[in-house]
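Protein chains in written order, with my numbering: chain G, 1 to 165; chain A, 1 to 165.
These are computed hints drawn from the structure, not numbers from a lab. All values reported here derive from a predicted model rather than from experimental measurement. Be aware that a few hints might be false.
Because identical chains cannot be distinguished in the list, a pair is counted as satisfied if it fits within a single copy or across any two copies.
Claimed, not checked - Below, a list of computed lysine to aspartate or glutamate pairs in the EDC-like style, where the Cα atoms sit at most 20 Å apart:
1) Lys112 - Asp144
2) Lys107 - Asp139
3) Lys149 - Glu45
4) Lys149 - Asp109
5) Lys107 - Glu128
6) Lys107 - Glu151
7) Lys133 - Glu91
8) Lys149 - Glu44
9) Lys149 - Glu91
10) Lys112 - Glu91
11) Lys149 - Asp88
12) Lys133 - Glu49
13) Lys133 - Glu45
14) Lys149 - Asp139
15) Lys149 - Asp15
Number of protein chains: 2
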Amino acid sequence: MEDTNNQKSFFAVQDFYPDDFAWCYGCGRLNDHGHHFRTRWNNEETLTEYIPLPQHIAVPGFVYGGLLASLVDCHSTGSAALALYRQDGHELGDAAPVPRCVTASLKIDFVKPTPLGQRLTVRGRIVEIGRRKVIVHSDVYAGDTLCAKSEVVAVLAPTTMRPPI
Amino acid sequence: MEDTNNQKSFFAVQDFYPDDFAWCYGCGRLNDHGHHFRTRWNNEETLTEYIPLPQHIAVPGFVYGGLLASLVDCHSTGSAALALYRQDGHELGDAAPVPRCVTASLKIDFVKPTPLGQRLTVRGRIVEIGRRKVIVHSDVYAGDTLCAKSEVVAVLAPTTMRPPI
Numbered sequence: 001m002e003d004t005n006n007q008k009s010f011f012a013v014q015d016f017y018p019d020d021f022a023w024c025y026g027c028g029r030l031n032d033h034g035h036h037f038r039t040r041w042n043n044e045e046t047l048t049e050y051i052p053l054p055q056h057i058a059v060p061g062f063v064y065g066g067l068l069a070s071l072v073d074c075h076s077t078g079s080a081a082l083a084l085y086r087q088d089g090h091e092l093g094d095a096a097p098v099p100r101c102v103t104a105s106l107k108i109d110f111v112k113p114t115p116l117g118q119r120l121t122v123r124g125r126i127v128e129i130g131r132r133k134v135i136v137h138s139d140v141y142a143g144d145t146l147c148a149k150s151e152v153v154a155v156l157a158p159t160t161m162r163p164p165i
Numbered sequence: 001m002e003d004t005n006n007q008k009s010f011f012a013v014q015d016f017y018p019d020d021f022a023w024c025y026g027c028g029r030l031n032d033h034g035h036h037f038r039t040r041w042n043n044e045e046t047l048t049e050y051i052p053l054p055q056h057i058a059v060p061g062f063v064y065g066g067l068l069a070s071l072v073d074c075h076s077t078g079s080a081a082l083a084l085y086r087q088d089g090h091e092l093g094d095a096a097p098v099p100r101c102v103t104a105s106l107k108i109d110f111v112k113p114t115p116l117g118q119r120l121t122v123r124g125r126i127v128e129i130g131r132r133k134v135i136v137h138s139d140v141y142a143g144d145t146l147c148a149k150s151e152v153v154a155v156l157a158p159t160t161m162r163p164p165i
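Whole structure, please, built from the sequences with the hints as guidance.
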């Protein structure tokens, strides 16, 4: 299978996280072992695409829920960062630092078993945005099939999560 | 760090899943790449313990949310299987086949950042049980610190998830 998970043909918010916040197993560009999820605007929605690896199964032929939870988690914190950045008048590529959000709560409903071997598409909508809290609703598709729906409450990273100097 | 994630000093429900249902990346004993979460009774609670790997980080020093979601996911489906099995009068080691549940929905609240480098303990309570649906509430601790709380609705695996013959 062609590795299309590492295409760099577009800017993703994770490309701009400060180095100290770019180590996430899900979406950190500096984590050599992780998934490298990448999230961007697609008109008024946010978009993350990923092709699960053969081992990411629940039972043979179907993707395991933990991978989907991880995917919507990083997609949603990325969406929240994009939304806060745009709220401040910025777009990716501007000089201003991109904010980094973490997840306060995550809910995912598994609508249908998610088939392995297809590109998954996560489409996010910003349903509420404040100064430091964003609520993101997302749908996970395999092809045209809706497989999961999520609601994530993301907040700006607290200072207690900053790595020790 | 001593690898205490693969200790086999107790029976876990995942040891008894039918082979066709033992491939989960989170908890399948036959998945060479996965986490191998293992869940058992501890009096009236269910218990899963796991020490995250160094790469399972959100930011340096703290565990990423996707790992915690995966952990409570498999812990909860395992707890549901244990509860359904006990409801039918069985305990692990009996000859009767152990049921296999999947997740219908998962909600996780991240209460505090979860420090890396400690054993995580997930303690589950069965709050509702029917013939094929179980609701499990769980708490994730790092030492004595409550780091996350979850509610999972687990259901018996549908026939559409059975692997092709």
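| said: Name the hints, by number, that the structure is in violation of. | reply: Hint check: 9, 10, 11, 12 and 15 fail, others pass.
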